[in-house]
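Peer 1: Here are the chains, one letter per residue:
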Amino acid sequence: MKTVTRIMRYVLLDVLRNRWVLGYALFFLVATDALLRFDGTGARAIISLLNLVLLLVPLVTIVFGTMYWHGAREFNELLLTQPIDRSSLFHGLFAGLVLPLSAAFVAGVSIPFLLHGALENPGALALLLVAGVALTAVFGAMAILVAGLSSDRLRGLAASLAIWLATTVLYDGFVLWFTIAFRDASLERPLLALTLANPVDLARVMLLLQLDAASLMGATASVFQRAFAGPAGLAIALLGLSLWALVPGILALRAFRRRDF
Amino acid sequence: MIQARHVSKSFGAIQVLRDIDIDIPRGEVTAIIGPNASGKTTFNRILLGLVQPDAGEILFDGASIIGASAYRERIGYMPQAARFPENLCAGDVFEMIANLRGTSSGRDNELLATLGLAPVLCTPFRQLSGGTRQRVNAALAFLFQPELLILDEPTAALDPLSSSILKDKIRKERSNGRTFIMTSHVLNELEELADNIVFLLDGSVRFAGRPQELMAATGEGGLERAVAAVMRKPTIVCSEAA
Chain C
1 MKTVTRIMRY
11 VLLDVLRNRW
21 VLGYALFFLV
31 ATDALLRFDG
41 TGARAIISLL
51 NLVLLLVPLV
61 TIVFGTMYWH
71 GAREFNELLL
81 TQPIDRSSLF
91 HGLFAGLVLP
101 LSAAFVAGVS
111 IPFLLHGALE
121 NPGALALLLV
131 AGVALTAVFG
141 AMAILVAGLS
151 SDRLRGLAAS
161 LAIWLATTVL
171 YDGFVLWFTI
181 AFRDASLERP
191 LLALTLANPV
201 DLARVMLLLQ
211 LDAASLMGAT
221 ASVFQRAFAG
231 PAGLAIALLG
241 LSLWALVPGI
251 LALRAFRRRD
261 F
Chain R
1 MIQARHVSKS
11 FGAIQVLRDI
21 DIDIPRGEVT
31 AIIGPNASGK
41 TTFNRILLGL
51 VQPDAGEILF
61 DGASIIGASA
71 YRERIGYMPQ
81 AARFPENLCA
91 GDVFEMIANL
101 RGTSSGRDNE
111 LLATLGLAPV
121 LCTPFRQLSG
131 GTRQRVNAAL
141 AFLFQPELLI
151 LDEPTAALDP
161 LSSSILKDKI
171 RKERSNGRTF
181 IMTSHVLNEL
191 EELADNIVFL
201 LDGSVRFAGR
211 PQELMAATGE
221 GGLERAVAAV
231 MRKPTIVCSE
241 AA
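Residue numbers (my numbering), protein chains in the order written: chain C, 1 to 261; chain R, 1 to 242.
Please keep in mind that the hints were generated in silico from the structure rather than gathered at the bench. Remember, predicted model here, so these are calculated numbers, not experimental data. Idealized CB from N, CA, C, for every residue including glycine. Check the hints yourself; a few may be wrong.
Claimed, not checked - One side only, chain R facing chain C, incomplete, derived with CB under 7 Å:
hint : residue
1    : Phe60
2    : Ser64
3    : Ile66
4    : Arg72
5    : Glu73
6    : Leu88
7    : Arg107
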């Protein structure tokens, strides 16, 4: 654990000094401030912000993560020649990547809320932050899995963009097609499964359940609300997101431990 | 100090090392030479734990290194070119590696001083030239007074002055009992420094012994010509290790 913390400290230092991360924090700062000015301080601003978070957090995390991991490959090799085991290095690098991105997101969103005194719905704001951090962990894990499996930087980038496009844009289209194509059948269970099968949908549902606005966001969210109203739905969404971070993370660790550098 | 026995490694269909045996004696400079893709970098990488061999065993003072990590505390490594995190400074990296290794063995700051790195310790790597980064690499390899130093083309990216400082340091540390494994295409340089030569060709050891023995076997007066002779006609040398 000590080794993991030591590695994480320096990766964190490097990522925090990265201009893209600072720009990312600044973007959320400006966008949140603008939404609070135009949409008011209620649930509407949080829903507008949620749409931004669901698109942007996965995109920035998976692209930045894949590029950073590829760029750090030679330095990681140098670290692997030190008396540390591969698992510790992996965990240190992963935490060093996800923590500053999460911190940039949390700071960028929460500072304008605090400055505007827009704390009428603290539960929803907290959950928005949790959703953003969870998506950072999920897409951070996917980024290192992609970077670990692709030795070519451009192919890695292409795969990352494909994952982002599939989970944020194409998936909604697929769900819509599925709903229309099987409109005569009972869709509750399949739609529930489809929600669990996409981390972006899970994050969306998690927040909409809290805001009691599921009907605004399509079929999967309302089905989820009917099936898992109350804390159980929240728990399942959180569990699903944790699994979405854990499974690619474990696969990436496995690949990292076996890999020839 | 190091005994490699029956080590084989392939990447896909390409067999890089074929059942090789190599001994690295303590307190001497062993040069691993051979043409491109002969397997020398792969052997070093196996020694460092970066590559897992398909078969065989490598012993470091009698203990297997396969799957282990603690033995690397005794190794200093200078890669041919290392890219450091762009936003960190050399000082950050020295501290980071010191933290990871522990500082029980003390530090050897001699190269840091003689290579003139003090003024750039707080400069981010993105602002440093390739040559300066390579000087950082050299200083880092020696910093923690390791017993074994693995230097991969150590002078390739260095200016003549830095190269000469590094070679003096290698001589000095060899006389202090440290062990070196070096790869280089500059054979005149190896002739100056190497006590032993391991010559790899197509993943097999073609020769292992003193440079003078290789020159005698080929009838050539210099190491460069002797190596060229083996590469032209691989059958002319009877390897002592093969």
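Peer 1: Now look at each hint and say whether the structure bears it out.
Peer 2: Okay, the hints, checked on the actual structure:
no. : hint   : verdict
1   : Phe60  : violated (12 Å)
2   : Ser64  : violated (15 Å)
3   : Ile66  : violated (13 Å)
4   : Arg72  : holds (4 Å)
5   : Glu73  : holds (4 Å)
6   : Leu88  : holds (5 Å)
7   : Arg107 : violated (15 Å)
The structure fails to meet hints 1, 2, 3, 7 from the earlier list, while all remaining hints are met.
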